[in-house]
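Build out the structure end to end from the sequences listed, making use of the hints.
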Amino acid sequence: MKGYRPVLFIISAFILFQCTDAKKLKKDRSVSHGLALYTQLCVQCHGEDGKGLGTLYPPLAGSDYIRENPDSLACIIKYGKDGPLEVNGVLYNQPMPGNPLLLDDEVAHLVNYIQNAWGNKGEYIAIDSISASLQNCR
Amino acid sequence: MRHTLKYNGLALFLLLALVISCGNPKKLPVMGPKTVLESDTLYHTIPDFELKNQDGQIVSVGDMKGKIFVTDFFFTTCPSICPIMKTQMLRVNEKFGSVQDFGIYSISIDPRHDTVEVLKEYSERLGVENESWQFLTGDLDSILDLAQKGFLVSAAEDSTAPGGYIHSGAFILVDKDLRIRGYYDGTKESKVDELMKDIAILQKEYEGV
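Protein sequence lines, in the order shown, are assigned to chains G and W.
Position 112, counted from 1, in the first sequence is what the numbering used here calls 112; the numbers after and before it change by one each time, with no gaps.
In the numbering used here, each number is its position in the second sequence, counted from 1, plus 1000.
Simulated from the structure, these hints should not be mistaken for laboratory data.
Source: prediction; values computed, not measured.
A virtual CB, placed ideally from N, CA and C, is assigned to each residue, including glycine.
All clues given are correct.
Derived, one-sided and incomplete: chain G residues facing chain W with beta-carbon distance under 10 Å: (1) Gln44; (2) Cys45; (3) Leu53; (4) Gly54; (5) Leu56; (6) Asn93; (7) Gln94; (8) Pro95; (9) Met96.
This is the structure in structure tokens:
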């Protein structure tokens, strides 16, 4: 009986690990798809380090705007933004072009990447939830 | 013994190669069409023009003559390659911006939108504080002409391109005699490293070293 203990322990640890891992895997996968899209579409202005450029393009790393307006992130990615926008106390006013051809899952990957890169910490956001956000863009 | 001789020969050859390469520092080529006259070669030079900078002052080719300078074509609302070009140009400005007889001229190809005031705000927001980096605007046709015939790069209106214009992403290096000495991809860090090395080579050329 004594000999089974470590085996039981390993099995239960393995099962537990698998459960958390499945969720983490989903997030990791989305984040890595997001990185590829980010490198293609966003990096020119917002930079590899997510710090933006001067006071022309706002930072995405440590951005209070993104933290406080998680829903509008999806809308801005897809439909762009015109007019002033305050991030971390600085007023930015450069138009951001939209990416209307992006599919909902691609927008979700970008949101997941941006919310988890450069020290940002965000929950995994599922595609359904992004689709819902995109329905309510102004 | 035979081996030693062989190695001695090799060492001598390497030494010779080193001496030769040290004695003749890399010289940058002169770009563009040239006209060969009987005794002289005439190189392509930047033609005269008149544009306004971000402070509303008139800038002509006369202001560039006597300076080693870098030029690029861009527009402030450009959504594609311009921001990365500006990130790279900031590196050039950081390294050479305070050097005498050096300049950077970023010329807008969307002058209808990029007025003096717009360029002023853009340069401030970019964080450019020195005088040596200027942002120029003026008449659209003469700017496109200057790009194509003066700096020999492409620039045109194109409604199918993102932002409405197509233009080269090149940084163009020009010497004190208004001759084009190199083109560098302003969207690539490694190419801009090359540009900065070549600026130093060009400076040496004028020091007569």
